[in-house]
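*Asks:* Heads up: the protein sequence lines correspond to chains A, B, C and D, in order. Residue numbers for the first sequence follow this note's numbering, beginning at 3 and rising by one. Residue numbers for the second sequence follow this note's numbering, beginning at 3 and rising by one. Residue numbers for the third sequence follow this note's numbering, beginning at 1284 and rising by one. Residue numbers for the fourth sequence follow this note's numbering, beginning at 1284 and rising by one.
Errors might be hidden in some of the hints.
A short list of chain B residues far from chain C (calculated; beta carbon distances all over 12 Å) [unchecked claim]: (1) Glu25; (2) Ser68; (3) Ile73; (4) Asp101; (5) Ala118; (6) Leu132; (7) Asp174; (8) Gly187; (9) Thr189; (10) Asn205; (11) Asp212; (12) Lys231; (13) Arg321.
In silico SDA-like links for lysine to any residue, alpha-carbon gap of 25 Å or less [stated by the list, open to error]: (14) D/Lys1468 to B/Lys117; (15) C/Lys1317 to C/Ala1506; (16) A/Lys117 to D/Val1606; (17) B/Lys322 to D/Gln1601; (18) A/Lys322 to B/Glu288; (19) A/Lys117 to D/Asp1341; (20) A/Lys117 to D/Leu1570; (21) B/Lys117 to A/Gln315; (22) D/Lys1520 to C/Glu1480; (23) B/Lys322 to B/Arg208; (24) D/Lys1317 to B/Gln315; (25) B/Lys117 to C/Glu1590; (26) B/Lys51 to D/Arg1538; (27) A/Lys117 to D/Phe1321; (28) A/Lys51 to C/Gly1532; (29) D/Lys1468 to C/Asp1512; (30) D/Lys1448 to C/His1467; (31) B/Lys51 to D/His1528; (32) C/Lys1448 to B/Gln60; (33) D/Lys1576 to D/Thr1374.
Simulated from the structure, these hints should not be mistaken for laboratory data. Ideal Cβ positions, reconstructed from N, Cα and C, are used throughout, including at glycine.
Read off the chains here:
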Amino acid sequence: MTATESDTRQLTYVQAWSEAIAECMRDDPNVFVAGEDVGGYGGVFGSFKGLQAEFGEQRVVDTPISEQAIIGLGIGAAVSGLRPIVDIMFMDFTAVAMDQIVNQAAKLKYMFGGKAVIPLTITTFGGAGLGAAAQHSQSLEAWICHVPGLKVVQPSNPHDVKGLLISAIRDDNPTYVVGNKLMLGATGHVPDEMYEIPLGVANIVRPGDDVTIVATGRMVVEAVEAATKLAEDGIECEVIDPRTLQPLDTDTIVESAKRTNRVVVAHEAVRFGGIGAEMAAQIQEEAFDYLDAPVQRVGAPFSPVPFSPALEQHYVPSRKTIAQGVRDVLARNLPGA
Amino acid sequence: MTATESDTRQLTYVQAWSEAIAECMRDDPNVFVAGEDVGGYGGVFGSFKGLQAEFGEQRVVDTPISEQAIIGLGIGAAVSGLRPIVDIMFMDFTAVAMDQIVNQAAKLKYMFGGKAVIPLTITTFGGAGLGAAAQHSQSLEAWICHVPGLKVVQPSNPHDVKGLLISAIRDDNPTYVVGNKLMLGATGHVPDEMYEIPLGVANIVRPGDDVTIVATGRMVVEAVEAATKLAEDGIECEVIDPRTLQPLDTDTIVESAKRTNRVVVAHEAVRFGGIGAEMAAQIQEEAFDYLDAPVQRVGAPFSPVPFSPALEQHYVPSRKTIAQGVRDVLARNLPGA
Amino acid sequence: MSDPTPEVLWDLHHRMVRIRLFEENTGRLSEQAKLPGFLHLYVGEEAVAAGVCANLTDDDQITSTHRGHGHLVAKGGDFKRMFAELYGKATGYNKGKGGSMHICDLDLGMLGANGIVGAGSPIAVGAGFANKYLGNGQVSVPFFGDGATNIGAFHEAANMAAALKLPVVFICENNEYGEFTPRHKTMAVTDVASRAEGYGMPGVIIDGMDAVAVWEVASEAIARARRGDGPTFVEAKTYRYYDHHGVKGLGVTYREDSEVEEAKTRDPIGRIEERMIEAGVASAEDLEGVHAKVQAEIDEAIAFAEESPYPDPDQILQDVYTVRAAG
Amino acid sequence: MSDPTPEVLWDLHHRMVRIRLFEENTGRLSEQAKLPGFLHLYVGEEAVAAGVCANLTDDDQITSTHRGHGHLVAKGGDFKRMFAELYGKATGYNKGKGGSMHICDLDLGMLGANGIVGAGSPIAVGAGFANKYLGNGQVSVPFFGDGATNIGAFHEAANMAAALKLPVVFICENNEYGEFTPRHKTMAVTDVASRAEGYGMPGVIIDGMDAVAVWEVASEAIARARRGDGPTFVEAKTYRYYDHHGVKGLGVTYREDSEVEEAKTRDPIGRIEERMIEAGVASAEDLEGVHAKVQAEIDEAIAFAEESPYPDPDQILQDVYTVRAAG
Ligand SMILES: Cc1ncc(C[n+]2csc(CCOP(=O)(O)OP(=O)(O)O)c2C)c(N)n1
Ligand SMILES: Cc1ncc(C[n+]2csc(CCOP(=O)(O)OP(=O)(O)O)c2C)c(N)n1
Ligand SMILES: [Mg+2]
Ligand SMILES: [Mg+2]
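With the rest of the complex left out, here is chain A (with noise of 0.2 Å):
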């Protein structure tokens, strides 16, 4: 590939998940996969695509329908000195396997006084809008952001795909990678050599000075199309997509507050005890003196996701609810007013 090629390269979501963990196999021999359906069948999203045909059996394992055990396959390998990445296909599977993440996986460390090192990588896809009803449609992030020992990273485009997940991969933490289902085949530019994006550093994907909108996965995509609509009307928001939930890039977040005074976050969970609760928390914290309006959170209403798509396209939210989201936080205590 020349280097014109490779400056405007497009990939899609899923292509660029595939290509980041083929890049860290070639670069490291202790990098392997387990799952179910990842190795003959490429995972059931596309995102290990051709990854056994590369790199054999031995290292792309289909599994058991066993996720307990395969969240334990990966610590007990990473304890061992592999550099595991297993996955949890649909994201409300994660609650088969809790113990292994939450009191195995995120607390060995610390109770063995620092000594384990446990390079795992956990992937899996999150989100509703495919009309997959309750069971394989939910945003659960919350659940590990409360979980000291995790990481948990949340790629919003093609080009952070790619960088977050070879952060992951290399973190010698337990890292929860949730991809996005809608998202798939979503394009854009992904450089074809092998990048970092750091954890714990948000990005400011849009630059405005009247309103911050905190957004998670595919929330950014809707707070910029949020965004470019509400610039025809003269509003400029700032559009901030933390891009690691865990650790979470507070003080991004609040500089940008203290500066535009007035903020919405929004994330795909429900909003009662989602990750929007713990950014509006922190917020007000640390910058109080400057917000003109409370911290106002976008996020599904408190039930199950329904099946149907005439139910399901009201219950998530969308850059209609994160304008109105803004438009909430502008009708407060009005600028100048």
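Starting from the structure of chain A, add chains B, C and D with the ligands where the hints point.
*Replies:* Coordinates of chains B, C and D with the ligands only, in the frame set by chain A:
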């Protein structure tokens, strides 16, 4: 028992627990108990003491060590007309059963279009302070509060144990009732008769006008102690015990916040992503114009629970850290300044 | 065990044709992109649901899987409400809130398809517990795949049922695949039924492409459970004709076409029809008449579903909790 | 298999005495309220850990349970760092952060006691996967109780090890109780080893009160795993003398004293000592000398632990994450 005796009768927290269950079992033949060591042994915390002797092995069932199947047993029995109480000994073991709790118990009704009725009560004990280390000391209620379809109950004294547990058992929804291990022997007045404390109604444990402290579980006791101490300095705290975290009685909390203008929320769980984040987010949403200081959160630091008492005693939030929180919110934008 | 009566043969045949045509039509609608979400078709495995459910009353409970249409049809599910549910309509079994993976009819004891592999078994065990507790003589039947026997929830449920000696009959639909992965990669045993002994329950292997064989074994296991003699594990060796979900994925190479073709030579409906004709129970025309009649019902049901309204957006926040009736 | 050499007998005896005296002293300190938290003593079960670990190198990995002291001692654990950990001191194996339920020594391949029943097995399987992947000839050994075989994580781990043909030897310590509940209430099988067949691995039953018997069977199973022939399930029938936790609870009536006394007549240390004396390998004085020497080490270790400092409060936020070395 005479009326006078009943008026003053003192029970421990754990006696109130088993009494509530016993009375519900006498009241309704469809109530039964299942869990590990709940029968012959009466529960490792004593919370099922005497039940098998009174109600027999059919109604107080010692199960295998199978938390997923224990919850499933409860769900299937509930859908089939019984009113099960199933036990998950230490709250930490909730992680093992998350799928059945979150993807099944919480969602069946909704996914089924409303038809299923699931009068299931899940009991467990959480909290640190016993040198029980990272896998036997957690406070994980925030996970459950984030899941539509579940109710979360956390009693802070023997009187509430009985009334809340009876309400939870009689409730037609899956409820998750969290006791506190350190409070097992705490005594208090518990009326002899059956009574319900409605789920979703907070208790103003101590009135006050200067600062509102919203505390959960054992932190209510610590908050009251902190308030008593602060009163010596002329600082009058209002202590609110939400008693149920899902649904959360936001109205009572916000009403108080609007009056005191300063709020501290306190729980045992890790601060990041705890239920305190949700409370802080809601309070700033609803009482923004009334707040003189950011809502201050008191919770555990971002680490697993350490074993050594030398560490654990500094790890667990206490009357001291709560009092410090109060002083911190008072130091901001001094009243009358 | 004596030969099945003509009534039994008719019954099994009818249940299977209902399932087959429901699924073929569902597949067709899915390829026309009329149905949202994921659809896991039961075509090829009809003998299992039919043979088992023919032994159950409406009060006996079953739990199902992601591949659940066949179980509900076999339990007597109503085509109209089923199609309406797959369309996401307000008139569906679940008011459009559940869809294919959660379709259910509690009045028929069908406690729901389930999107989490293995998760139905613990719930069925709970139903079995209630049946024993109430002494109502009912049994509960969890259906699950071969792949599901590798997950913890199944194991805990099986052991719990045995330990508490509950009236539960475990039906494993062994189609030799979990999604796109062949069973030999995920399990080192020839027969899934070899797991039964470790729970202390009988394990029986049957030809899951033969409805009569399923019916016979299931009726024994169910009678045993009703008698209070505890659970049984039944492994029905069967096969799914279509892909893991949908009908036929493009470029999906996890199995040979010849394998599918071989299985089709043992088609459960073809087989029972041959038997019925040979035994003089039915003529070819009789049997075609069944197909035609069922297809007509389906056409009507699809029309009903298509004409039905979508649920109102305000339904989103309904049915999350049961509100206690006042008083 | 040939008779064990005197060296093996001495080795087994030494490991068992080390465990026994460690635990007796721990029990004593616990009754003096010197040790925080929950303590699950291994007294009575010494033959299992000793017989298995005598076949392992420091590189072979084991995972353990809530009842983990014996496993660490058998693997060569250092008394000083162990007692310091139980005291919650900074000099402990885990810097005082883990305590009894998480005690570990990664340099000895002891991947930790574990407070979650069943959770160690998947981790051991992961270690076994790494061993196969790296081709290092090592084996991994999960220890777990009879009760743990009822939980999903164990099941998934056992099946995974068999499906991937990993060098793992599963050691079930069947002491017939899970906490205060007898096994027959929670399991409908006579032998836990009957579960092995359902995973496609050999299941072997041994007298877990006989260190030599354990040693022999474990050495075969471990050799088999090292050869690449896959996992084995070993059920060691054993008994715990003290209560589920602590030494002897007041008014705890879940088992008869006579049952405990009967088990003590088969005491694994008494048994090997008899054998060593009969075989002329050791004299009674020799053996007493071992006890005395070990007790002296323990006295020293306890003094070390008592004199050691507690961790600094600023340790709370240390060791949560691994920070990548710069460069
Ligand atoms: C806990 C969990 N893990 C993974 C999946 C994804 N998944 C859906 S169906 C399936 C295969 C199930 O195989 P089997 O039990 O044999 O049933 P079959 O599809 O063959 O009927 C998998 C892995 C899931 N739904 N739930
Ligand atoms: C998931 C989980 N459930 C319950 C417990 C509580 N618990 C601790 S030890 C134990 C009994 C374990 O029995 P077994 O596996 O036979 O081991 P033993 O104690 O007999 O050595 C139980 C139920 C736990 N620690 N983890
Ligand atoms: Mg299958
Ligand atoms: Mg045991």
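*Asks:* So B/Lys231 supposedly isn't at the interface. Is its beta-carbon more than 12 Å from every beta-carbon in chain C?
*Replies:* holds (40 Å)
*Asks:* Are B/Lys51 and D/Arg1538 close enough, with their CA atoms no more than 25 Å apart?
*Replies:* Status holds; Cα separation ~18 Å.
*Asks:* Taking C-beta pairs only, is B/Arg321 more than 12 Å away from all of chain C?
*Replies:* holds (36 Å)
*Asks:* Is D/Lys1448 close enough to C/His1467, meaning Cα to Cα at most 25 Å?
*Replies:* holds (12 Å)
*Asks:* Take the C-alpha atoms of C/Lys1448 and B/Gln60, compute the straight-line distance between them, and say whether it is at most 25 Å.
*Replies:* holds (12 Å)
*Asks:* Would the least Cβ to Cβ distance between B/Asp174 and chain C come out above 12 Å?
*Replies:* Check fails; 4 Å does not lie beyond 12 Å.
*Asks:* Given the hinted pair B/Lys322 and B/Arg208, is their Cα-Cα distance within 25 Å?
*Replies:* Holds. B/Lys322 to B/Arg208 sits at ~18 Å (cutoff 25 Å).
*Asks:* What's the verdict on A/Lys322 and B/Glu288, does the C-alpha distance respect the 25 Å limit or exceed it?
*Replies:* holds (23 Å)
*Asks:* Between B/Lys51 and D/His1528, does the CA-CA distance stay at or below 25 Å?
*Replies:* Distance of about 19 Å is within 25 Å: holds.
*Asks:* Beyond 12 Å from every chain C Cβ: check whether that's true for B/Ile73.
*Replies:* Label violated. Min Cβ-Cβ 7 Å, cutoff 12 Å.
*Asks:* Is the Cβ of B/Asp212 farther than 12 Å from every Cβ of chain C?
*Replies:* Non-interface label stands for B/Asp212: nearest chain C Cβ at 37 Å, farther than 12 Å.
*Asks:* Holds or violated: are the alpha carbons of A/Lys117 and D/Val1606 at most 25 Å from each other?
*Replies:* holds (12 Å)
In terms of the numbered hints stated before, the structure departs from hints 2, 3, 4, 5, 7, 14, 15, 20, listed from lowest to highest.
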